[in-house]
Amino acid sequence: MFTGASQFALVGVLGAGGSVWAGAATAALLGARNGLYSLRLSSLLDGGPWRRVAASQFVIDESTAMAIGRDEPEASRFAFWATGFSVFVLWNLGTLIGALAIHAIPNPRVLGLDAAPPAAYLALLAPRLRAREPIAIALCAGVVALALVPVVPPGVPLLVVAVLVGLFGLRGAKA
Amino acid sequence: MIWAGVLTACAACYGLKLAGMSLPRHLLEDPRLQRTVPLLPIALLAALVAIQTFSTGRSLVLDQRAAALAVAVVAVLLRAPFLVVVVAATATAALLRLV
Chain A
0 MFTGASQFAL VGVLGAGGSV WAGAATAALL GARNGLYSLR LSSLLDGGPW RRVAASQFVI
60 DESTAMAIGR DEPEASRFAF WATGFSVFVL WNLGTLIGAL AIHAIPNPRV LGLDAAPPAA
120 YLALLAPRLR AREPIAIALC AGVVALALVP VVPPGVPLLV VAVLVGLFGL RGAKA
Chain B
0 MIWAGVLTAC AACYGLKLAG MSLPRHLLED PRLQRTVPLL PIALLAALVA IQTFSTGRSL
60 VLDQRAAALA VAVVAVLLRA PFLVVVVAAT ATAALLRLV
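Those sequence lines, one after another, are chains A and B. Just so you know, the first sequence maps onto residues 0 to 174 in numbering that gives the first Met the number 0. Just so you know, the second sequence maps onto residues 0 to 98 in numbering that gives the first Met the number 0.
Careful, some of the hints might be misleading.
Just so you have them, the derived chain A footprint on chain B, three or more residues with Cβ under 8 Å [as the list claims (entries may be wrong)]: (1) 8-15; (2) 44-52; (3) 60-69.
If the Cβ cut is set under 8 Å, some of the chain A residues that face chain B in the computed set are [unchecked claim]: (4) Leu-9; (5) Gly-30; (6) Ala-78; (7) Trp-80; (8) Ala-122; (9) Ala-125; (10) Ala-130; (11) Leu-145.
A few chain A residues facing chain B, derived, Cβ under 7 Å [to be verified]: (12) Gly-3; (13) Ser-5; (14) Arg-32; (15) Ser-37; (16) Arg-51; (17) Pro-107; (18) Gly-111; (19) Leu-123.
If you are wondering where the hints come from, they were derived from the structure by calculation, not from laboratory data. Fair warning: this is a prediction, and the values are worked out from it, not measured in the lab. Glycine included, C-beta positions come from ideal geometry on N, C-alpha and C.
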């Protein structure tokens, strides 16, 4: 699973005591946007089926943004592979260091590490909030999620929010 | 059980990427899909921010994480890079717990 927001969400649901399946569903829903990135990239990255299989793993926010910002197809392909590969290596290296280092930290709360995930989500969210509608959706999602926390098991509020925004998107589509 | 869920999520996340590369274009160019899918990360990330800041388990709480989030909001508004946002929030929570 090489898509950061999905990783964070799965771990977040598990950490809150939720079911791994609720976490997996949330991770997949967050990863759905990569399918649309792939769609845009598939015309840029020509090549056979094996190249597609390899390229798919590198489709993330960063590699897509770098690839579609170029004028020349050649530069796009280079940007995609270079960004995808370097983020892949560094991200997984960082994950490994974190997994090994966490054992050396007796109480992560003292270091404020429980405040890190929300800040990370916020930083991932911010570039998507450039208009009034997404800001309204984000605020509603936060309120609905908090209202559900005391009444349903951990992880389920996220799924309810996903269903609601899905219905909103499908119903409200005018274009 | 946990690993089965993790592996399923991995397969789903990769499968969605491969589907975008391989499926016929007209299936995925449906305007309703194009409109709805980008809304999912907005709603889910916002819900995650709210839940992981203002709740522990199944109870709503207001603690140092709220102040950390406020600092993160300011950092984001100042267009600080990702790491600065995260470190600023972490440091805020740690400092408040120290005093």
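Which of the stated hints cannot be reconciled with the structure, identified by number in ascending sequence? Numbers 6, 7, 10, 12, 17, in rising order.
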